[in-house]
Amino acid sequence: MRKPTTIAETRAVTDDVEGMQQFNTLTRRIFVVYLPLAVFVFVLLFPFYWMAITAIKPDGQLTDYETYSPFWVVQPTLEHIKYLLFETSYPGWLWNTMLVAVASTFLSLLASVFAAYAIERIRFTGARVTGLLIFLAYLVPPSILFIPLAFIVFQVGIFDTRLALILTYPTFLIPFCTWLLMGYFRTIPFELEESALVDGATRWQVLTRVILPLAVPGLISAGIFAFTLSWNEFIYALTFISSSENKTIPVGVLTELVRGDIYEWGALMSGALLGSLPVVILYSFFVDYYVSSMTGAVKE
Amino acid sequence: MARPGLIARFVGSRNGLGFLFMLPAAVFLLCFLTYPLGLGVWLGFTDTTIGRPGIFIGLENYIWLSDDPVFWLSVFNTLLYTTVASVLKFVLGLWLALILNERLPMKNLFRAIILLPWVVPTVLSALAFWWIYDSQFSIISWVLMKWGWIDAPINFLGDPGMARASVIAANVWRGIPFVAISLLAGLQTIPQSLNEAAALDGATSWQRFRRITLPLLTPIIAVVMTFSVLFTFTDFQLIYVLTRGGPVNATHLMATLSFQRAIPGGQLGEGAAIAVAMIPFLLAAILFSFFGLQRRKWQQGGGD
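Heads up: the sequence lines are chains A and B, in that order. Under UniProt numbering, the first residue of the first sequence is numbered 1, with each subsequent residue one higher. Under UniProt numbering, the first residue of the second sequence is numbered 1, with each subsequent residue one higher.
These are computed hints drawn from the structure, not numbers from a lab. The beta-carbon is built from N, C-alpha and C at its ideal position, and this holds for glycine as well. It is possible that some hints are incorrect.
A short list of chain A residues far from chain B (calculated; beta carbon distances all over 10 Å) [as the list claims (entries may be wrong)]: (1) ILE30; (2) ILE56; (3) TYR68; (4) GLN205.
Simulated coverage check for chain A against chain B, where a stretch passes if three residues somewhere in it have a Cβ under 8 Å from a Cβ of chain B [as the list claims (entries may be wrong)]: (5) 124-132; (6) 143-156.
Pairwise CB distance ranges, derived in the manner of DEER restraints [claimed, not checked]: (7) ASP67(B) with TRP204(A): 58 to 64 Å; (8) LYS107(B) with PRO217(A): 57 to 63 Å; (9) VAL280(A) with ARG52(B): 43 to 49 Å; (10) TRP204(A) with ASN101(B): 42 to 48 Å; (11) ASP160(A) with VAL143(B): 27 to 33 Å; (12) VAL287(A) with ALA165(B): 29 to 35 Å.
Just need the whole structure built from these sequences, with the hints factored in.
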């Protein structure tokens, strides 16, 4: 099977008929590259399109596929979004999610900067082992921690408060951020730090005046990534929060907007759409940081 | 020349300073990660319920679980779900990565679009899938019926076999971007000159893929797939939104069963035991990753 193709290819290369070869490679590219890519993009994006189009469809068109084309909307409406913002606790959930995500990201970054600096640069006894333990901590999944954590949260008396989430989210944020920042600190030349130390700077000054300004891209990567992770978190929020006013968006939309057998798809989809927008907007501004933090965490 | 005080000397020393810098992260992780991990193992040996501290009952939870067909069904489901979804994610993700590694116009735009399913909160995109999988108004059923391929709407989440396939499809949809973008980063580190040299020597594109790309990509594949397997194995959100384990427990994973028994069911001890039963599988995945990393060092000619 392979041989003939090779010969054909060789002949095509030595052939003088340039146009034919051009044609061959173009059709080949369409079938090997563009067509599969188009299918991938379509499948990956369709659920979002469906979410968005449902969110602005009037109730009459939602399930009436025969009169109206399901893929388009004739008279777009903001009814569902209005309902969400003024007749449900959605704005409160939005605020909770934002508060929890910002606070836990901030706490995690703070702790991670110190930890990563200590492991990479102060090189205390056992730094390597600590680094490895941090990596292992990242591999501990929330689905085996939520039961004992629920127990602890209850004992401490912060059950059903936003504080419970702010304090537990760093369990998966700190390992990730520390691991990422360790990689960034490693790329900063040691000489910079040494000369600052020789000039009489304290470790604190070295960290705040030399290392941190150089590690800003790393801090942004870790920060937005941590923010996204806490925005998307579900199992802790589902377990530790019971009253409506403390819920986060994923939990609120799922537990309060889904009721009975008749689903209000319009409201549900606008809830999903609005809840996704903040991270998507953040993402669109920092795509490269996202990619570098995702691949960085894997490559290190 | 006063000698510096004890505290000053402690802070001045390498280990003392390291200790101080590590303190915030260490306190957090010890209180909310290491301690709960141990507590979880302990709870698995007790009959704790919500609102009543339990007593030590030894292996009773595990003995009870070993006789519980639902538990074994969830183990089977978890393994099936993880295996099928991971293989699909790997194959499709690698394919997408290879496509993106070609010369393309607007490559960065495509990369950005492709990552979207991974950025959007899983619960919210799962809700969109729930709507797509609706038993009456599923858009997939509608299109297939329009084309005349089927006569009645597909019961995506109501039929055990279909429900399994549907949740796996949603999981693959969510996981492809991570695999593809990570592998793309790996592909970009492979020197172009190797491929050119092989092409000059007459290697076909399949041979080049098989003998150059794949071996050089192996270490990163090992790490990426370890993460992917780990996240799939412990998946909770998708199932919770789409099926809650139904129909007749056909899609219950160990994580969802553990939640089901512990939180709504109140049996914290039993739920913890199910969670602990996941640990051996997770350790196997981590060891796999470790050996993947070892191989990487060896491939680069020793040293890391």
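Numbers of unmet hints, in rising order: 8, 11
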